[in-house]
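*Asks:* Sequence:
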Amino acid sequence: RTAPRARGTRTRVLSRLFRCIIRRLARRALVFWHGRHRPQSRDERNPEGPNSSFRNSSDHCIPSSDRTKQPSLMASPPKDRNWGSLLKWSLAQSDNGNVAGVGQSENDPNPNEAGRPPLRQLSDEDRKFLIQAMQNGMVDEIKRMKDITSALSVTPDCVLPTQEDIDARVELIHELNDRVCSIDNGGDLHTIGGLVPIVKTLSSPHAQLRAAAAEVISTTVQNHEKAQLAALECACVAPLLQLVLGVGGNAPPLEREGKLEEEHEANDAAVATELCRVKALLALSSLTRGCPLAVSTFISEGGMRALRDAIENDSVSSVGADAVRSESETALLQMAKKTKTKTMHLARHLCVMSDEVMCCVVDADLLLSVSTCIEQGIPSFGKLAGDWSDATRVEEKKMMPTGAILSSQLREAGVRFLLCVAQCVDFEKTPKALDDLRSEKCVGAINTLGRWYLTFDGDEKETHKDEMTVCAELGKMFG
123 RTAPRARGTR TRVLSRLFRC IIRRLARRAL VFWHGRHRPQ SRDERNPEGP
173 NSSFRNSSDH CIPSSDRTKQ PSLMASPPKD RNWGSLLKWS LAQSDNGNVA
223 GVGQSENDPN PNEAGRPPLR QLSDEDRKFL IQAMQNGMVD EIKRMKDITS
273 ALSVTPDCVL PTQEDIDARV ELIHELNDRV CSIDNGGDLH TIGGLVPIVK
323 TLSSPHAQLR AAAAEVISTT VQNHEKAQLA ALECACVAPL LQLVLGVGGN
373 APPLEREGKL EEEHEANDAA VATELCRVKA LLALSSLTRG CPLAVSTFIS
423 EGGMRALRDA IENDSVSSVG ADAVRSESET ALLQMAKKTK TKTMHLARHL
473 CVMSDEVMCC VVDADLLLSV STCIEQGIPS FGKLAGDWSD ATRVEEKKMM
523 PTGAILSSQL REAGVRFLLC VAQCVDFEKT PKALDDLRSE KCVGAINTLG
573 RWYLTFDGDE KETHKDEMTV CAELGKMFG
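Read left to right, the sequence shown gives residues 123 to 601 (the numbering used here).
Treat the hints as calculated values from the structure; they're not laboratory data.
As the structure is a computational prediction, the values presented were derived from the model and not from experiment.
Beta carbons: idealized from backbone N, C-alpha and C, even for Gly.
Check each hint, because a few of them may be wrong.
The calculated label-pair distances, taken between Cβ atoms and stated as ranges, are [to be verified]:
#1 Gly371 with Glu595: 39 to 49 Å
#2 Glu595 with Glu263: 20 to 30 Å
#3 Val281 with Ile143: 47 to 57 Å
Straight-line distance between alpha carbons at most 25 Å, and here's what the computed DMTMM-like set of lysine to aspartate or glutamate pairs gives [unchecked claim]:
#4 Lys598 with Glu517
#5 Lys587 with Glu517
#6 Lys583 with Asp487
#7 Lys563 with Asp436
#8 Lys598 with Glu582
#9 Lys268 with Glu247
#10 Lys554 with Glu434
#11 Lys265 with Asp306
#12 Lys519 with Asp509
#13 Lys520 with Asp436
#14 Lys268 with Glu355
#15 Lys554 with Asp487
#16 Lys322 with Glu286
#17 Lys520 with Glu434
#18 Lys520 with Asp477
#19 Lys519 with Asp477
#20 Lys322 with Asp287
#21 Lys322 with Asp310
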């Protein structure tokens, strides 16, 4: 059975390929239409000879010598993708919009050139054919977004019958996410009532749908004040915090094919939960950036406690050692590192917004939680990182594995958070920050990290240069 993520990717590729084929068919239809009504040859239209100039209209003068360089309509599809302009030009050739002066008789005040037959006028059938061809090559963004959100509004918080239904809905959410990347579409999503079903999908029993919905919210509200306020109006903070806390699980479809092993199913559910955490943290980061109302809502809904629980979460306690680690356990460990890294980045972003927010960060004991997380990310010292054997060091010099990169990002995020607090906090207003920074847990984590740095050779120092620089700057502040 194909993995859900692979099926979703394949479905998106096929959908985009289908849309591309439709557009090409529309262009070929235009070429076919022009071929049916191809104008007469140049010699027939210009009886004065091939070297005389030829006036096509009052607005366009093209010498006959240059017309030989013009490509034939039947040689290749038209390269002009401006369908609106092409449609306007085509309609202008009819008697209702004869702006070019075509189709006039010899008795008209401004007749065409003598001996030149008039161009044919569009019949109702040809006009309908042309308009239909144009419409097939264009997509109404707002209408398509309405169709997607209408489909998502049907039982957003219920268990779906089959895995195919889940994949189809995930595909719709991914398409919506692509469309709201445009800042105009992002602002219009709430106007057309599209944010409400997305927020309701955050409570879906299927983790795939929850993660995809959180990603749409993140894309919509990023650097968009109007969308941020609209998301707050839809009360999206509370369900996002539930995702950060790991609430929701991953319910299977009603009609299951076969039976998975309990251990494998548990690992898949844990990975899906961590993915929901990552996407929810991404959405909260975009929502609170530059929006004081979102920050106050985040704090009042218990956001700091959720961040502390995400950092202290021990979802990898059952993961085995490197040598006996399964593929699902490796995926779980990597997702857990991403979750903790993004949580510390969000905490660092929040603590510099105001003294009140800084006080909330310190009172939530985030400094102590981050110190423990840093120590867990040090190889041979913590369970989030691997061993530090000679074989591992040789392997990392050849090609830095994903796990080592994520561990480095986790340590750097933690040290940057501690440094940011130490530099920005007002110790008179928040004296607890000084006690936490001088605590045995925080000092011990920094010292352990420093002892590990002492084992580096020249190449390893260059690889971990960024985190070593931040740690050295933090060490200077400790004296």
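*Asks:* Now look at each hint and say whether the structure bears it out.
*Replies:* A quick look at each hint next to the structure:
For Gly371 paired with Glu595, a C-beta distance near 42 Å keeps the hint of 39 to 49 Å intact. For the hinted restraint 20 to 30 Å between Glu595 and Glu263, the CB-CB distance of approximately 47 Å leaves it violated. Between Val281 and Ile143, the C-beta spacing of about 35 Å breaks the proposed range 47 to 57 Å. Proposed proximity of Lys598 and Glu517 is contradicted: the alpha carbons are some 33 Å apart, above 25 Å.
Taking the CA atoms of Lys587 and Glu517, the gap is about 19 Å. The hint holds against a cut of 25 Å. Proposed proximity of Lys583 and Asp487 is contradicted: the alpha carbons are some 32 Å apart, above 25 Å. Between Lys563 and Asp436 the CA atoms are separated by roughly 18 Å; this keeps the pair inside 25 Å, and the hint holds. Proximity of Lys598 to Glu582 is assessed by CA-CA distance (about 22 Å); at most 25 Å being required, the pair is judged to hold.
For the proposed pair Lys268 and Glu247, the alpha carbon gap of about 31 Å is over 25 Å, so the pair is violated. For the hint pairing Lys554 with Glu434, the CA-to-CA distance comes to about 20 Å; that is within 25 Å, so the pair holds. Restraint check for Lys265 and Asp306: satisfied, since their Cα atoms lie roughly 14 Å apart, inside the 25 Å limit. Straight-line distance between C-alpha atoms of Lys519 and Asp509 comes to about 15 Å, which keeps the hinted pair within the 25 Å bound.
In summary, the hint linking Lys520 to Asp436 is not supported, as the alpha carbons are separated by about 31 Å, beyond the 25 Å threshold. With a CA separation close to 19 Å, the supplied pair Lys268 and Glu355 stays within the 25 Å bound. A hinted pair counts as satisfied when its Cα atoms are at most 25 Å apart, and Lys554 with Asp487 qualifies at roughly 9 Å. Between Lys322 and Glu286 the CA atoms are separated by roughly 21 Å; this keeps the pair inside 25 Å, and the hint holds.
Of the supplied pair hints, the one linking Lys520 and Glu434 is violated, its CA atoms being roughly 33 Å apart against a limit of 25 Å. A distance of roughly 46 Å separates the Cα atoms of Lys520 and Asp477; the hinted pair therefore is violated under the 25 Å criterion. The straight-line distance between the Cα atoms of Lys519 and Asp477 is roughly 43 Å, outside the 25 Å bound, and the hint therefore fails. The straight-line distance between the Cα atoms of Lys322 and Asp287 is roughly 17 Å, inside the 25 Å bound, and the hint therefore holds.
For the suggested pair Lys322 and Asp310, the alpha carbons sit about 18 Å apart, so the restraint of at most 25 Å is met.
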